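Read top to bottom, the protein sequences are chains D and G. The letter at position 61 of the first sequence is residue 50 when you use the numbering used here, and the numbering goes up by one with no holes. The letter at position 51 of the second sequence is residue 40 when you use the numbering used here, and the numbering goes up by one with no holes.
FYI, nobody ran anything at the bench for these hints, they're computed from the structure. Keep in mind it's a predicted model, so treat the numbers as computed, not measured. Accuracy of the hints is not assured; some may be wrong.
Identical copies carry no separate label here, and so any pair may be met within one copy or between two of them.
[Claimed, not checked] Below, in silico cross-link-like pairs of lysine-lysine (BS3-like), each with a Cα-Cα straight-line distance of 30 Å or less: (1) K161 with K261; (2) K261 with K191; (3) K175 with K138; (4) K138 with K261; (5) K175 with K81; (6) K175 with K261; (7) K4 with K175.
There are 2 protein chains.
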Amino acid sequence: MRIGLDVMGGDDVPKIPLLGAKAFCAEYPDVHLVLYGQMDVMEAGLKELGPMPANTSMVHCPQVIGMDEHPAIAIKQKPDSTIAVGLADVRKGKLDAFASAGNTGAVTAGSVLILELLEGLHRPTIGGIYPNNGTYSLLIDCGANTDSKPEYLLEFAYIGQAYMKAVYGMAKPRVGLLNIGHEHTKGNNLTREAYKLLNDHKDHLNFVGNVEGWDINRQNADVFVCDGFTGNVLTKMIESYYEYLSATLPAGLDLEFLNFERVGGLPLLGVKGNVMIGHGSSTPFALQNMLRRTRELVESRLLQKLPGELSGLTNTAV
Amino acid sequence: MRIGLDVMGGDDVPKIPLLGAKAFCAEYPDVHLVLYGQMDVMEAGLKELGPMPANTSMVHCPQVIGMDEHPAIAIKQKPDSTIAVGLADVRKGKLDAFASAGNTGAVTAGSVLILELLEGLHRPTIGGIYPNNGTYSLLIDCGANTDSKPEYLLEFAYIGQAYMKAVYGMAKPRVGLLNIGHEHTKGNNLTREAYKLLNDHKDHLNFVGNVEGWDINRQNADVFVCDGFTGNVLTKMIESYYEYLSATLPAGLDLEFLNFERVGGLPLLGVKGNVMIGHGSSTPFALQNMLRRTRELVESRLLQKLPGELSGLTNTAV
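Assemble the whole structure, with the sequences as input and the hints as a guide.
Encoded structure:
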């Protein structure tokens, strides 16, 4: 397996990506990690941090996309950036996956432009992995899209269901529509229409109906379908509890189950390649976990399974 | 002060409202509490629970609006319901405030129809009180509106600012726009437009810009402005942490600061009267606290201050 890592993506580069990469490579000697970055920056970093394990190589990318650059413009204007080159190498089959803690919008735009969407999909989506009581839930979309349409939410449901089956081995993940009430008449214009679509696709989706904010911690679904705005705000709120409660509750308490650095990365789904996204504020531990999630994603063969898993999308006459 | 309570509103009536009312009345002998309900139901409840303190009276309302009835239709078809009669008594000046743990949509629709909106406003809004590290934040709107327009969010900002000044004595509450990134270009169609409006009203609003999901627990604003869909999902998610962590963390830990029954009620704001809303699943303790919040709302004189606080809305030439 060959995984590419954006060494220029994040708040403290190349140090944090290199530290995360070192830990990951030592853990998985069978994985080959390709570092994408400006050669002089990477070499200066390695001089300080010591050499990388043998299962790594480096690719020089002269350009870097900044955290605040306009995603689509930056991807087009910087074909020699770490993000553009890494994604192109996925497309060419040189990599099984690419991971970046850089500009999320640029990774998303680049994935659509360079890898292209899977057949039958309108949009990519970000899956928010939520570890909870020894199992996992998925909040999807977590921010790949700012404004969504009902048919996007239907696609997120199919993708999320396929993810939970492939990556976590769930036989029949429960798909819930995140909403403001359980009754099918409840919701905003988007969720009321999405409810109808999801309900019409019950032959292919294990749709359990509307779920509410408190149903996430109660684990009343495995896949929580929502628009990317709601999912983004929620995910960041959820992530903040580790910091908040660590400062509020008595010291010495084990709150590691709330620590989202243990997740590390969220998959960008719906494109013809494996892509993993991390927070700009990732620590080395978070970076290492982003790479672990990337490895799991490749191992799950979700990408190979998705065309079959999405067949209900186009085969359902409504 | 005279407060009206809907004794037919909630999942276990009249028992829970009556128990909450008894505790509240014993605590505040100077407040007169008026119970709205079907007389036979109230009398049967009091027979079981024992008599109410002296500072109460009862109003017979033959009709009841169910939790799942269509709000606007129910309010029009049931003028003798507890919600319609209670709100009419606020309008007539017989009550200083009305509180209900019944059908939230019906209370909202009834408040607009019977009490009417304050001048200059398009919509009512629900303020989500969030106790955090010894102080309070407000999430507004928490679900009075399913689909919002940018000008609604501007109004929520003015109302939220006025609430924090009047009820919590904040001199200059920080108003943040809940969004998916800090940069002013970030967001969905709604928040990008709302940002411009809020920014144009900086003479009247202490607008601190965009804030994200993790800024809520970090208290990077006092008022978090959002659409009612996002606010509703978030509030229920936040509320679920008490239950979730109580079951997950070691027993004996003091998690009362996460217990939203201590809030008990959320104000419905923007109408010409004081209205407080509680969860259908309220316990007697939550009901008692809903009445405490109602008393605070009346004491704060927010309603008398709001026309002045909203003057910037119409006086700002943009």
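**Message:** Could you work out which of the previously given hints the structure breaks and list their numbers from low to high?
**Reply:** Result: hint 5 breaks, nothing else.
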